[in-house]
Amino acid sequence: DSGVTQTPKHLITATGQRVTLRCSPRSGDLSVYWYQQSLDQGLQFLIQYYNGEERAKGNILERFSAQQFPDLHSELNLSSLELGDSALYFCASSVAGSDRYEQYFGPGTRLTVT
Amino acid sequence: AQSVTQLGSHVSVSEGALVLLRCNYSSSVPPYLFWYVQYPNQGLQLLLKYTTGATLVKGINGFEAEFKKSETSFHLTKPSAHMSDAAEYFCAVSAGTNAGKSTFGDGTTLTVKP
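One line per chain: the protein sequences are A and B, in this order.
Using the working numbering, you'd call the opening residue of the first sequence number 27 and step up by one each time.
Using the working numbering, you'd call the opening residue of the second sequence number 3 and step up by one each time.
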């Protein structure tokens, strides 16, 4: 158990819909990262927040957005969903914003878009 | 900019044989290097990391990796494979910019034959 929690574990929804994925980091960690993992694209970094502020941005689509709240939990919002958005979405946390620190991954949310 | 290449998307070894998973990186600044393992239906878990200092790094479950700057490599090894080592392994590089962003390789699936 990494100490990172993600909800829900599974999500099935239809094209065009909007969903919210939630992540609670390990106690004491200030950074939260979001990743998308699919068979054809592998593990893709989406976005990082550090203490409530956006720190780094990766291959995140404009239809996707995220935020980190004052209690440090984070939400990833996916809208206008397409079949290709079906994937595992991981949240990870680390103690600080520096990339010398390892990331602790949650168990993931499996999103299926039908 | 940084990148990482994992040579061989699938590696198969017999139980008790040497495990060697290859990772080469590219970074314009001294890198931080990580190996993560992902078991089926789970998130990634840190195996080991290199930041500075000793170039031979020991991790969990008997794995180790050696940072070779001249070869821009960070190969993962284990002297004797166990059935429980079957998983997907990811090499990751960070550029030390405090941006918090790691670049992950495409992963290598390790199969252990009895």
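Be aware that a few hints might be false.
[Unchecked claim] For the chain B half of the interface with chain A, some residues (derived, Cβ under 8 Å), not all of them: (1) Phe36; (2) Leu46; (3) Gln47; (4) Tyr52; (5) Ala56; (6) Lys70; (7) Lys71; (8) Ser82; (9) Ala88; (10) Phe92; (11) Ser96; (12) Ala97; (13) Ser104.
[Unchecked claim] Simulated restraints, written as ranges between beta carbons of each label pair: (14) Ser11(B) x Gly84(A): 18 to 28 Å; (15) Ser91(A) x Leu58(B): 20 to 30 Å; (16) Glu17(B) x Glu80(A): 45 to 55 Å.
[Unchecked claim] If you want the footprint, here are the derived chain A segments under chain B, 3+ residues with CB under 8 Å: (17) 65-79; (18) 84-96; (19) 130-139.
These are calculated hints, taken from the structure and not from any lab test.
Glycine is no exception: its CB is placed at the ideal position from the N, C-alpha and C atoms.
These are the hints, each one checked on the structure:
1. Phe36: With Cβ-Cβ at 6 Å, under 8 Å, it holds.
2. Leu46: 4 Å, holds
3. Gln47: Because about 7 Å separates Gln47(B) from the closest Cβ in chain A, which is inside the 8 Å limit, the hint holds.
4. Tyr52: 10 Å, violated
5. Ala56: 15 Å, violated
6. Lys70: 19 Å, violated
7. Lys71: 17 Å, violated
8. Ser82: 25 Å, violated
9. Ala88: Violated: closest Cβ of chain A sits about 18 Å from Ala88(B), beyond 8 Å.
10. Phe92: 7 Å, holds
11. Ser96: At about 3 Å, which falls below the 8 Å cut-off, the nearest Cβ of chain A leaves the hint on Ser96(B) intact, so it holds.
12. Ala97: Status holds, d = 7 Å.
13. Ser104: Hint holds; Ser104(B) Cβ to chain A Cβ min 6 Å, cut 8 Å.
14. Ser11(B) x Gly84(A): 18 to 28 Å: At roughly 22 Å between Cβ atoms, Gly84(A) and Ser11(B) fall inside 18 to 28 Å, so the hint holds.
15. Ser91(A) x Leu58(B): 20 to 30 Å: 43 Å, violated
16. Glu17(B) x Glu80(A): 45 to 55 Å: 46 Å, holds
17. 65-79: holds (count 5)
18. 84-96: It is violated: at least three residues are needed, and the stretch 84-96 of chain A offers just 1 whose Cβ sits closer than 8 Å to chain B.
19. 130-139: holds (count 5)
In the structure shown, a violation is registered for the earlier hints numbered 4, 5, 6, 7, 8, 9, 15, 18, in ascending order.
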